[in-house]
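Asker: Each chain is listed here by its residues.
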Amino acid sequence: MTETIVSDTRPCAPPAEQADEPELTVRKAGLLDRRQFLATTGGLLLAFTLKGNVRAAYAAGPPIHIDPDYTGDPVSANINAWIRIGADESVTVLIGSAEMGQGAYSGLAQIAAEELKVDWQKVTALPCPSSMAWITGGSTSIRNNYQMFRMAGATAREMLIAAAARTWKVPASACHAVNGAVVNSRTNASLTYGRLARLAAMMPVPANPPLTASADFQLIGKPVPRIDLPSKTDGSAVYGIDVCLPGMVFAVIKNCPTLGGTLQSTPSVPPGASAVVPLDNAVAVVATNTWQAMQAADQLEVSWNIPSSAQNLTSSVILAQAQQLMATGTPVTAERQGDATSALNGAARVLNMTYTFPYLAHACMEVLNCTVQLTATTCDIWAPTQAPGWVQASVAALTGLAAGNINVHPTLLGGGLGRKIEQDYVVQAIRVAKAIGQPVKLTWSREEDMGHDQYRPMALVNVKAGLDSASNVVGWSNRIVSPSILFQRGWIPGGALDTQATEGATELPYALGGRLVEFVRHTATVPVGFWRSVGHSFNAFAVESAIDEIALATGADPLTLRRRLLAASLDPLAPRSLAVLNAAAALGGWGSALAPGHAQGLAFASSFGSLVAQVVEISQPAAGSLTVHKVACVIDCGSAINPDSIAAQMQGGIFHGLSAILWGQVNFTNGRASAHNFSNYRMLRMKEAPTVSVQIIQSGAPLGGVGEPGVPPIGPAVANAYARLTGQRIRTLPFFPGATMGGG
Amino acid sequence: MITLNVNGQDHPVNVDPATPLLWVLRDTLQMTGTKYGCGIEICAACTVLVDGEAEKSCGMEVREAAGRRITTVEGLSPDRTHALQRAWIAEQVPQCGYCQSGMLMAAASLLSQNPHPTDAEIDSAMQNICVCGTYQRVRAAIHRAANG
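So the sequences go chain by chain: A and B.
Heads up, the final residue of the first sequence is numbered 744 in the numbering used here, and it's a clean run with no missing numbers.
Heads up, the final residue of the second sequence is numbered 148 in the numbering used here, and it's a clean run with no missing numbers.
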């Protein structure tokens, strides 16, 4: 198995080799606007940069609707792919994506290694150090960088071939690359990449290196073992929380328990602590280890200024406001096709359905943390982050240091889920380091992590479906009331459409007659953020529940109804959607005889460029309970880079979505969050996990994402099964509010 | 001064004896494979073996661990050759990997007591929370390790 290097630091020994060389190069590469190669001691290092790709990446999906003209990072070039070949035959692919479990490091290395023609066992991946504007989100790591990584591998391969050809004084056409070496086709002589690397670095960069025909792929499309997994089985993988620097002290955060509250005065340093650092709406407590800091923070009496507006941050008030906005708010149109209003007015029957969704916490297994070493002239910062360029900008803003003197070390992430794009914990750590003048690791306790999240927004979603006398759907009106993630950040003005709040409600592949989708922004100031699948996480539930409600109300089979709505649709995605739906029905045995007390449900969602349908089988062993036995999941993501990774992401998305719909809920009372720990924020455990089977359809369509698309269909599939089983339609999530869990 | 025996090696540690073992392992001994997840003995990311039994190290004061045999994920094998580590790779279990140290230690404890557990026995023993959702593969990997 491949030795894996997955981070640029080790506890208490920030290494020179792994961090320094790329760092230096990044700064140089930042000045380039075309592909460049850089010779390095003893090897070949190729750096690829393409201007414009940042913008393209930013336009594709969350969190990428973020300001496309963002200039916080002075380096505008996006370093997408680097390949480093060592004299020791090592092949290192430097990755500009966060590895948070989704397999980006391995998947992108796999793509480059395919073109490079190297033994997969020899390939390692490292994070591209910061100084670049990469942001990981929107299930884009593979699909946005696929071509770039193929080009990177192919370019390096052709330069290695050119080096061998020069050595042998034969034309390049007389040479070919195989398994980490260039072979002279006439003599069968061979030279390894390690021996060729230095000369290869001096060869001209080919403009259009040939790419491998897909029929000849050896790695792409194969379920190769992920290169980051061995280090995750022996404790050697380094997450942000594992970083340890010589002379480092340990800080924990105590945020104002009430949202919007501010620090009244700096409390005195409690016993066991070495410092208390005031931070506007929080204090940091510093000690010689994390536990001591936590103990001291617990004991600390802090006076806060609580704004009177905090009383409005109460779940019942927020819901009442949402209901008021649903009735009387001024909507902004997200999508209009035909005349939905007339269609509904003229319908023989209108089904009116309103769904209610709670705030959700991210609850990444690795709590928020950040480690900072600050001097008068430099800053080194380690963070589990989805946005290292923003980390750099945060440092620059708070210290005045030039970007070139700020070294961001992206670590592995113990889950990201959208939470680790944020800068709150990063800014706090920088400020603590500034205040105390020592290297410091700041850690949030689980209670702080859940109680001060940037939550998946609550939402109230109404769907009105108009049916004619023959039960055909002739009109569809869908109004979404929800706080706006983008507005809260100042990225869109108040009256603008937040497309992330309406994604999953728009661009449906079904024929629904006149269609109107509207958004009304809720003004609640609970901080909201990107949560795996973002708007799809609630909109798919509303849409796919409503479709099912139509089926039940009209006596139609839910599969048959969806087939009919897709067959009648002119939407370009309808044929692929139908194929996915049919495959899921077959995989899940839709309509087959079930054990007594069991029922099936199905749902479909198109998100992040992929189409996913799921068929679930459930039972209700006792009132107030629910068992999900099986999930059949079919995804069309265009084509598969690593089918096993895709299956893992579907399994993970399904389990993640199940926790959320069954139990996930954060309530607020006078600005205080209800979620404290897993004790009252229940997560799925192994005994509750269904058996998931996954089928991948390779339709050849453009690559879709896989990190998020497994989440949206599971909720409605379960709710649809539940309605068939019990006759009770779940329109308010979670299924089981007030859930708790113990130590087991 | 407390002497901790971790992975066969004695470590004198000078800490408040009420400090949870978790934080002594992580902050004092800098053995960071053992993870903090909840601090209240629910998520089991901090699971280690104490005299061969799975224990949540966030809930064990270091004074209780003194003189006992502590095994962390770093001590499962010197070279990733423990049957569970091999099975974890064969089944491609981890995603983010953060909870996997605790999963592996819980599984090691299970197999030492029950070399061939059924699905139900695995489900009942493995209480670890995995937000990535690796449960299905964890179960398969435990069976694989059990079957050698």
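Rather than coming from a laboratory, the hints here were simulated on the basis of the structure.
A virtual CB, placed ideally from N, CA and C, is assigned to each residue, including glycine.
Do not rely on the hints blindly, as some may be mistaken.
Far from chain B by the CB rule (all over 10 Å, computed), these chain A residues [as the list claims (entries may be wrong)]:
| hint | residue |
| --- | --- |
| 1 | Ala-320 |
| 2 | Thr-341 |
| 3 | Ser-342 |
| 4 | Val-367 |
| 5 | Phe-487 |
| 6 | Gln-651 |
| 7 | Ser-659 |
| 8 | Ile-730 |
Straight line, CA to CA, 20 Å or less: simulated SDA-like cross-link-like pairs of lysine to any residue [what the hints assert, rightly or not]:
| hint | chain 1 | residue 1 | chain 2 | residue 2 |
| --- | --- | --- | --- | --- |
| 9 | A | Lys-687 | B | Pro-117 |
| 10 | A | Lys-687 | B | His-143 |
| 11 | A | Lys-122 | B | His-143 |
| 12 | A | Lys-687 | B | Leu-111 |
Asker: Would you check the hint for A/Lys-687 and B/Pro-117, treating anything up to 20 Å between C-alpha atoms as holding?
Answerer: Holds, at roughly 14 Å.
Asker: Closest CB-CB distance from A/Val-367 to chain B, is it above 10 Å?
Answerer: Incorrect as stated: the minimum Cβ-Cβ distance to chain B is 7 Å, not above 10 Å.
Asker: Keeping to a limit of 20 Å between CA atoms, is the pair of A/Lys-687 and B/Leu-111 held or broken?
Answerer: holds, 17 Å
Asker: Is the Cβ of A/Ser-659 more than 10 Å away from each Cβ in chain B?
Answerer: violated, 8 Å
Asker: Does the claim that A/Ser-342 lies off the interface hold, with its Cβ farther than 10 Å from every Cβ of chain B?
Answerer: At about 45 Å from chain B, A/Ser-342 clears the 10 Å cut-off, so the statement holds.
Asker: Test the statement that A/Ile-730 is away from the interface with chain B: the closest C-beta pair must be farther apart than 10 Å.
Answerer: Holds, because the least Cβ-Cβ distance between A/Ile-730 and chain B comes to about 22 Å, which exceeds 10 Å.
Asker: Taking the closest pair, is the beta carbon of A/Ala-320 still more than 10 Å from chain B?
Answerer: holds, 32 Å
Asker: Taking the shortest Cβ-to-Cβ distance between A/Phe-487 and chain B, state whether it exceeds 10 Å.
Answerer: holds, 28 Å
Asker: Does the structure keep A/Lys-122 and B/His-143 at a Cα separation of 20 Å or less?
Answerer: With a Cα-Cα distance of about 29 Å, the restraint between A/Lys-122 and B/His-143 is violated, given a limit of 20 Å.
Asker: According to the definition I'm using, a residue is off the interface if its beta carbon is farther than 10 Å from all beta carbons of the partner; does A/Thr-341 meet that for chain B?
Answerer: holds, 42 Å
Asker: May I ask you to check that A/Gln-651 keeps its beta-carbon over 10 Å from the closest beta-carbon of chain B?
Answerer: For A/Gln-651, whose nearest Cβ neighbour in chain B is about 6 Å away, the distance does not exceed 10 Å, so it is violated.
Asker: Decide if the proposed pair is consistent with the structure: A/Lys-687 and B/His-143, CA atoms, cutoff 20 Å inclusive.
Answerer: Distance of about 15 Å is within 20 Å: holds.
Against the hints set out earlier in the document, violations occur for numbers 4, 6, 7, 11.
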